[in-house]
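Asker: Generate coordinates for the entire structure from the input sequences, incorporating the hints supplied.
There are 2 protein chains.
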Amino acid sequence: MIELNFSKGLVAAVILDETTNDVLMVGFMDQAAYDKTLATGLVTFFSRTKNRLWTKGETSGHTLELRRMWIDCDQDSLLITVKANGPTCHTGNRTCFYTEVEVPHAT
Amino acid sequence: MIELNFSKGLVAAVILDETTNDVLMVGFMDQAAYDKTLATGLVTFFSRTKNRLWTKGETSGHTLELRRMWIDCDQDSLLITVKANGPTCHTGNRTCFYTEVEVPHAT
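Chains A and B supply the protein sequences, listed in that same order.
Heads up: the first sequence runs through residues -9 to 97, numbered per this note's numbering.
Heads up: the second sequence runs through residues -9 to 97, numbered per this note's numbering.
Treat the hints as calculated values from the structure; they're not laboratory data.
Please note that a few of the clues may not be correct.
One copy or any two copies: either way a pair holds, since identical chains are not told apart in the list.
Unchecked claim - Here are the simulated BS3-like cross-link-like pairs (lysine-lysine), alpha carbons at most 30 Å apart as the crow flies:
{"#": "1", "residue 1": "Lys(-2)", "residue 2": "Lys40"}
{"#": "2", "residue 1": "Lys73", "residue 2": "Lys40"}
{"#": "3", "residue 1": "Lys(-2)", "residue 2": "Lys26"}
Answerer: Below, the structure is given as structure tokens:
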């Protein structure tokens, strides 16, 4: 069993679409969110806004079905591939990262 | 100019290899780290361990050259593609996410 490292706070979870490999969103997990994600197969975060567990799609139906998971060298970040049921972003976009930022040094 | 949203704490930054699109690491930025990243073209984090700005590769030489950047719908997460000079992980791995977690519900 992997032990998550919460010494620096909540664990960041990067969500990738299993087919396109696009980053869909970033969320955060506490131990309960991680345990619920594994137990249910539906990605569940600790919402810093709602201050409670939040299963993505619990109201919209746009759930994220857990496929594969990796943990980083510090055990404080997760990478999760999912089957996304519907658009992930609450704006209706497929991903939350739909706004490009102009970068002066881009080559 | 994009305004970052720090209402929930530091901004998470997901680092992607520009050629493979693999997630290399996740770091965090405050305003100064973000500004320095844009000003220098080298990805700079606010290290929660060191409690100071940390330009990735400042000691190892394994820098991350900024290429493109996206911000999420809440303006509190960044997605950054980079040219990675050397392995990103301090363990010598190309990515920090080299450990797969067994997932009971994987299909």
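Asker: Indicate, hint by hint, whether the structure satisfies it.
Answerer: Checked hints:
Within a single copy, Lys(-2) and Lys40 get their C-alpha atoms as close as 20 Å, and across copies as close as 11 Å, so both meet the 30 Å cut-off. Taking the closest pair of Cα atoms, Lys73 and Lys40 come within 30 Å of each other only inside a single copy of the chain (24 Å); across copies the shortest separation is 37 Å, beyond that limit. Taking the shortest Cα distances, Lys(-2) and Lys26 sit within 30 Å of each other both inside one copy (21 Å) and across copies (23 Å).
This entry satisfies every hint, going by the numbered hints stated previously.
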